[in-house]
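A.B. asks: Sequence:
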Amino acid sequence: MKTTIFDFVRDYIYIILGIVCVIIVGIIYIFATNRPSSTIEPANVIYTHEAEAYQLPDVAEEIEDVFATIIVHIVGEVNNPQVLELPYGARVNDALQMAGGATEYADLSRVNLAAVLRDAMQVVIPAIGDDTADVFVYDGVQPQAAATGLININTATAAELQTLPGIGPARAQSIIDLRESMGGFTAIEDLLRVSGIGTAIFEGLRDMVIVN
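Counting along the sequence shown from 1, when you hit position 167 you're at 167 in our numbering, and nothing is skipped either side.
Since the hints were made in silico from the structure, they are not lab data. Heads up, the beta-carbon is just placed ideally off N, CA and C, and yes, glycines get one too. Keep in mind that a hint or two might mislead.
[As the list claims (entries may be wrong)] Simulated DEER-style distance windows between Cβ atoms:
{"no.": "1", "residue 1": "Ser195", "residue 2": "Ala68", "range": "12 to 20 Å"}
{"no.": "2", "residue 1": "Ala159", "residue 2": "Gly204", "range": "30 to 38 Å"}
{"no.": "3", "residue 1": "Glu85", "residue 2": "Gly196", "range": "21 to 29 Å"}
{"no.": "4", "residue 1": "Thr155", "residue 2": "Leu113", "range": "25 to 33 Å"}
Take these sequences, add in the hints, and give me the full structure.
C.D. replies: As structure tokens, this is what we get:
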């Protein structure tokens, strides 16, 4: 009997193996077709959602600020009085160093070397004992603004507004447009209503502007 079964298996081994393989493949297929499917969102849909969630910043104005330059005239007790072209945002000390530094007679205690330079500004380095010279002289700015060193945002031109830190040509024009639409500003905080001027920019210029 055992010999007969062994002979049967030996004679039909390939058929038996084939049947077993078919059964295994069938089981795998059944499990595969009944497995819950997950929906994969197309790549273009994912990209669209990301674009809606993240708005790229408008860097046009930042680029303008980076490449802007100003022209200032430095005179008085400096080794090389001259007209200088400096990058936007330069300080008085930058101009002083470019002009060869101060002479031995300069009274630097009267000069704010950290002050931000503005286009068309004349920087006067006074001599020791000379209390009559104005340190900063502004071209085209009203006498009150020149005396206080502040920009009146209700009367300032686009060029004058661009001397403020963080204000390029586009933002200067936005300030003028809003000013005209409002009939004039009532407080310097109105600048926060200008497109492109946030808290950081406002805090950087708030001590440099007035409204009257």
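A.B. asks: Each of the hints needs a verdict: does it hold here or not?
C.D. replies: Hint-by-hint comparison with the structure:
1. Ser195 with Ala68: 12 to 20 Å: Hint holds: Cβ distance 19 Å, inside 12 to 20 Å.
2. Ala159 with Gly204: 30 to 38 Å: Distance hint for Ala159, Gly204 is violated at roughly 19 Å.
3. Glu85 with Gly196: 21 to 29 Å: holds (26 Å)
4. Thr155 with Leu113: 25 to 33 Å: Distance hint for Thr155, Leu113 holds at roughly 28 Å.
Taken one by one, the earlier hints fail for this structure only at number 2.
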